[in-house]
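Sequence order for the protein chains is A and B. Offset between the first sequence (1-based) and this note's numbering: plus 399. Offset between the second sequence (1-based) and this note's numbering: plus 399.
None of these hints come from the bench; they were simulated from the model. Source: prediction; values computed, not measured. Even glycine gets a Cβ: it sits at the ideal position worked out from N, Cα and C. Just to be clear, a hint being listed does not mean it is correct.
What the hints assert, rightly or not - Rough simulated footprint, nothing fancy, chain B against chain A, three-plus residues with beta-carbon under 8 Å:
id, region
1, 446 to 458
2, 640 to 646
3, 654 to 665
4, 719 to 725
5, 798 to 807
6, 901 to 915
7, 944 to 950
Unchecked claim - The calculated label-pair distances, taken between Cβ atoms and stated as ranges, are:
id, chain 1, residue 1, chain 2, residue 2, range
8, B, Ser-871, A, Gly-569, 53 to 63 Å
9, B, Ala-927, A, Met-498, 51 to 61 Å
10, B, Leu-577, A, Ser-452, 28 to 38 Å
11, B, Glu-434, A, Val-683, 55 to 65 Å
12, B, Arg-892, A, Glu-603, 37 to 47 Å
13, A, Ala-654, B, Leu-895, 38 to 48 Å
14, A, Ala-654, B, Thr-846, 23 to 33 Å
15, B, Arg-892, A, Asp-503, 18 to 28 Å
16, B, Ala-903, A, Ala-654, 48 to 58 Å
17, B, Gly-768, A, Ser-607, 36 to 46 Å
18, A, Gly-749, B, Thr-846, 33 to 43 Å
To be verified - With the Cβ distance kept under 10 Å, some of the chain B side facing chain A (calculated, not the full set):
id, residue
19, Val-689
20, Arg-690
21, Arg-691
22, Arg-799
23, Ala-809
24, Glu-815
25, Arg-922
Protein chains: 2
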Amino acid sequence: MRIVIVGGVAGGMSCAARARRLDETAEIIVLERGEHVSYANCGLPYFVGGEISDPAKLLVQTPQSLHAALNLDVRTRHDVTGLDPEQRVVTVDTPDGTMRIGYDALVLSPGAQAARPPIPGLDSPRVRTLRTVDDALALREQVEAGARRAVVLGAGFIGIEAAEALARQGLDVSVVELAEHVLPPLEPELAALVSDELRLLGIELRTSIGAAGIQQGAEHDLVALSDGTLLPAELIVLSVGVRPDTAVFEAAGVACERGAIVVDEHGRTSIPGVWAVGDATVSVDAVTGVRRPVALAGPANRAGRLVADDILRPGASRPIPHPVGTAIVRIGSLTAALTGVNRSALDAAGIGYRTIHLHPNQHAGYFPGATQLHLILHLRETDGLLLGAQAVGAEGVDKRIDVLATAIRAGMVVDELIDLDLAYSPPYGQAKDPVNLAGMIGENVRTGTLALWYAQDVDHVLADAFVLDTRSRAEFATGHLPGALNVPHTELRDRLDEVRTAAAGRPVRVMCASGVRSAIAHRVLAQAGFDSASLSGGILTLRAALGDRAAELLRFEGAMQDA
Amino acid sequence: MRIVIVGGVAGGMSCAARARRLDETAEIIVLERGEHVSYANCGLPYFVGGEISDPAKLLVQTPQSLHAALNLDVRTRHDVTGLDPEQRVVTVDTPDGTMRIGYDALVLSPGAQAARPPIPGLDSPRVRTLRTVDDALALREQVEAGARRAVVLGAGFIGIEAAEALARQGLDVSVVELAEHVLPPLEPELAALVSDELRLLGIELRTSIGAAGIQQGAEHDLVALSDGTLLPAELIVLSVGVRPDTAVFEAAGVACERGAIVVDEHGRTSIPGVWAVGDATVSVDAVTGVRRPVALAGPANRAGRLVADDILRPGASRPIPHPVGTAIVRIGSLTAALTGVNRSALDAAGIGYRTIHLHPNQHAGYFPGATQLHLILHLRETDGLLLGAQAVGAEGVDKRIDVLATAIRAGMVVDELIDLDLAYSPPYGQAKDPVNLAGMIGENVRTGTLALWYAQDVDHVLADAFVLDTRSRAEFATGHLPGALNVPHTELRDRLDEVRTAAAGRPVRVMCASGVRSAIAHRVLAQAGFDSASLSGGILTLRAALGDRAAELLRFEGAMQDA
Chain A
400 MRIVIVGGVA GGMSCAARAR RLDETAEIIV LERGEHVSYA NCGLPYFVGG EISDPAKLLV
460 QTPQSLHAAL NLDVRTRHDV TGLDPEQRVV TVDTPDGTMR IGYDALVLSP GAQAARPPIP
520 GLDSPRVRTL RTVDDALALR EQVEAGARRA VVLGAGFIGI EAAEALARQG LDVSVVELAE
580 HVLPPLEPEL AALVSDELRL LGIELRTSIG AAGIQQGAEH DLVALSDGTL LPAELIVLSV
640 GVRPDTAVFE AAGVACERGA IVVDEHGRTS IPGVWAVGDA TVSVDAVTGV RRPVALAGPA
700 NRAGRLVADD ILRPGASRPI PHPVGTAIVR IGSLTAALTG VNRSALDAAG IGYRTIHLHP
760 NQHAGYFPGA TQLHLILHLR ETDGLLLGAQ AVGAEGVDKR IDVLATAIRA GMVVDELIDL
820 DLAYSPPYGQ AKDPVNLAGM IGENVRTGTL ALWYAQDVDH VLADAFVLDT RSRAEFATGH
880 LPGALNVPHT ELRDRLDEVR TAAAGRPVRV MCASGVRSAI AHRVLAQAGF DSASLSGGIL
940 TLRAALGDRA AELLRFEGAM QDA
Chain B
400 MRIVIVGGVA GGMSCAARAR RLDETAEIIV LERGEHVSYA NCGLPYFVGG EISDPAKLLV
460 QTPQSLHAAL NLDVRTRHDV TGLDPEQRVV TVDTPDGTMR IGYDALVLSP GAQAARPPIP
520 GLDSPRVRTL RTVDDALALR EQVEAGARRA VVLGAGFIGI EAAEALARQG LDVSVVELAE
580 HVLPPLEPEL AALVSDELRL LGIELRTSIG AAGIQQGAEH DLVALSDGTL LPAELIVLSV
640 GVRPDTAVFE AAGVACERGA IVVDEHGRTS IPGVWAVGDA TVSVDAVTGV RRPVALAGPA
700 NRAGRLVADD ILRPGASRPI PHPVGTAIVR IGSLTAALTG VNRSALDAAG IGYRTIHLHP
760 NQHAGYFPGA TQLHLILHLR ETDGLLLGAQ AVGAEGVDKR IDVLATAIRA GMVVDELIDL
820 DLAYSPPYGQ AKDPVNLAGM IGENVRTGTL ALWYAQDVDH VLADAFVLDT RSRAEFATGH
880 LPGALNVPHT ELRDRLDEVR TAAAGRPVRV MCASGVRSAI AHRVLAQAGF DSASLSGGIL
940 TLRAALGDRA AELLRFEGAM QDA
């Protein structure tokens, strides 16, 4: 049996290795368009930034090492330009001319190309993407040749990593992003923390704006933004997303959806004998059921392995799991990570949900080095099913998101997070881990024990409700919402009459710094018959969610309201 | 309604706080025998070691703060000495004399006492336990008074933390442990790594031995071991386990099992109106069904919260989950953690299981700072259900154990670990995370794609099988098993006839450094018709599991066997 695999990174290589483990007799040919197979594409920004100094480290495997260990026939600079599904033959451009290669099973893992929006001047030699080892080498060369200014088009994960890498190399970096904030999949109240960190790294952010054109010059290019601003740059990184690299296969009759190959739960395409995996395929979102390509290494590797199973052990292989979409990025001293879906995906899918915010320490507060995590969970309104989670912080973000990704994969409801036996000792966590705490808050919300209000509703609240601020007098004096009454949560039980008089029949909207004290106060108020709700995530979340508007609202009044 | 809670740490305090959140009108009285409530008992060793300098940091809450925030009536130095379940009254020794306090609901959270084995001289004033803030203050005082030598009796989690704390303060520390290795719940092949690290910290380990007596002296005590050794010490820490502190309640008729209070799934004892939580209660092991007390803060807090629910929302509260038994400890630059059950518990319960070992990097190998994790999983033989996991390493241990604890709680089989979408970027993990890799290995074992042999069977293997070592020639030359043939895995396909001849009909037992190359070789051999198996965890695990015996077996032979 001859298995031909198109594409020698992630999904394709995982498929080839698994196929060999299952079958010593199969002929396994891997055709890779580029110079390298199985390279560390996620490591490229760190080579550009200098944290990885030896480019050889990026080459995890070579055709020689793969032949020696796994008897794979890996051919680089082999570009598949045609597919004849009837004859079961692919046409391949090679350094030695065009050839035709027959197959019994064909696995398409062509990946994605950088999206190239129709920006005039984008063909400037100073514009690079960051997808391949050659891209990384070229960027590093431009840095070493003395580039001083860089513009990064697109503030997604790779754009942010590229921006940090170039800033680390001493360049002045501007990031241009069409969306309202960096890392668009992050909720705005977390993305704001990432933006602050990027600015600390000296990176200039320009959001809600696009590039209108690139003017090539002798010394540098000028990136013209849609508002007329001109950004000079010796180096421009294009990272505005990717699109499946499937034209050859779609032309040959492989069914596609908006350019991505349609596959069934075993990775089979519409054509018998042809499978597909990775960034070029349509995935079904595990939470929303939405169909779109997912450009992540983990799901690609997983699919590659399962396709090998399906080819060589038909009937016995497990279905390819729907990706949950977990992703992570380092930004300076911070980490940002997410799993499952975010608000905009839930809104688009029409799924009713509740959101909770919390800011616990990553480990025991009394142990040296405690820092805050900023954690968001979305829960299905009907039953508390975990739909998505996001976190930003200096430490412990990856652990909590991985636990939550596991819980989402297991189909847990939020109450079940309370029951997780997570490892506790003061250097590692808390006796009530942030994930357990999220479970408690979520359960309280689900059962109505806790009612929440959200930062984005602040104008309605100011118009129609009575704001009760349960922080200490000293905290209150540093800035508070207009019209808020300050009753520290420890005094509330003795001052309920005062609150009743001041509220004058309006709903009471409670707030504190992070949402802990206001939740205690909410219970006191709710049991005393008030229409009460606690600000989710407190002023920490309000500040991050509303930015300048929050600064304007939380004005310092210099005096204690209730002195 | 009056709720009386006996014990103001962990479970008791969680119950009190939850009760108040649910009911503003309840009278909630917490009776604590000691000086302090809600203190950071897991932080005590770090205060002794000086990482936490201010003892006030250990007092997370005070009776005053709890009254202010939650209107709790917290009474310290109140020792419950009697219970009259008919009258619903407890008798309490207080600083002001004995009093009787009636209750509507009584929650017992008395915790455990340090076990005191019948060792003559154990009443020496130089002997301390490490259970309370006062214990920690006393140890710190002894250190500051110039103690130079310490003996720690018992090498469980707290004993190891105490030993490291005292070594950090400059003392010469010996640890004495009856079991064969430190941290007895750890498998020996992981405990060996912890022992090495403790020795690097300058700590002397004496295992498989007990203390026979303590001789008090003017300048120091002498700890006499059962082999006659005398260890001089100014300071002796007793940490040989705990026993439930339940005598008063058992005498009053509360049903107990070997001293631990029997509770149902809502924490109810045999007596109406009396609940119990925490270290003093019998838990049912989530994996084996074995009934025993579990002395961990997380399950105690969880049970306390759910008991408050059962008291105040009867019928609506969830059952208290069976603890999975996750625990973690820092040892110098290492972390050791475990979840679920270990070999001895599985053997005792008669559950058939398979074990896998792996040593992946905690993050991408090409990214700076990559270090090995040492990971063990136990799987149910019939279906691959996850039964237990353990890990030791410098980084990323807590994350993997928490993910596996979540998977165990979710009832996952090992195959499902492959499907977990864990956060990947080079600083945080690998595209195939160690947990995913464990899933792949486990699935291969479950389906028979991979056959394993284990280090503890090495003598049988040497007697009856043919050993094939698939490392490189250079690695082989540094030491190998007697009689082993060296065929680097990359040459195996071309040298199968040679292996067949040398094996002469015997089973082939393959090995390499960590189990990766031998697994590849196993697939080649199995498909060529050999009775083959790969050494689980490779020589790394063999060395750790067999210690001196491994050193003796893996003797350096100075020449290449197959030169």
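Hints versus structure:
no.: 1; hint: 446 to 458; result: holds (count 4)
no.: 2; hint: 640 to 646; result: violated (count 0)
no.: 3; hint: 654 to 665; result: violated (count 0)
no.: 4; hint: 719 to 725; result: holds (count 5)
no.: 5; hint: 798 to 807; result: holds (count 7)
no.: 6; hint: 901 to 915; result: violated (count 0)
no.: 7; hint: 944 to 950; result: violated (count 0)
no.: 8; hint: B/Ser-871 with A/Gly-569: 53 to 63 Å; result: violated, 41 Å
no.: 9; hint: B/Ala-927 with A/Met-498: 51 to 61 Å; result: violated, 32 Å
no.: 10; hint: B/Leu-577 with A/Ser-452: 28 to 38 Å; result: violated, 51 Å
no.: 11; hint: B/Glu-434 with A/Val-683: 55 to 65 Å; result: holds, 59 Å
no.: 12; hint: B/Arg-892 with A/Glu-603: 37 to 47 Å; result: violated, 56 Å
no.: 13; hint: A/Ala-654 with B/Leu-895: 38 to 48 Å; result: holds, 43 Å
no.: 14; hint: A/Ala-654 with B/Thr-846: 23 to 33 Å; result: holds, 32 Å
no.: 15; hint: B/Arg-892 with A/Asp-503: 18 to 28 Å; result: holds, 21 Å
no.: 16; hint: B/Ala-903 with A/Ala-654: 48 to 58 Å; result: holds, 55 Å
no.: 17; hint: B/Gly-768 with A/Ser-607: 36 to 46 Å; result: holds, 37 Å
no.: 18; hint: A/Gly-749 with B/Thr-846: 33 to 43 Å; result: holds, 41 Å
no.: 19; hint: Val-689; result: violated, 16 Å
no.: 20; hint: Arg-690; result: violated, 17 Å
no.: 21; hint: Arg-691; result: violated, 15 Å
no.: 22; hint: Arg-799; result: holds, 8 Å
no.: 23; hint: Ala-809; result: holds, 4 Å
no.: 24; hint: Glu-815; result: holds, 8 Å
no.: 25; hint: Arg-922; result: holds, 5 Å
In this structure, the earlier hints numbered 2, 3, 6, 7, 8, 9, 10, 12, 19, 20 and 21 are contradicted, and the remaining ones agree with it.
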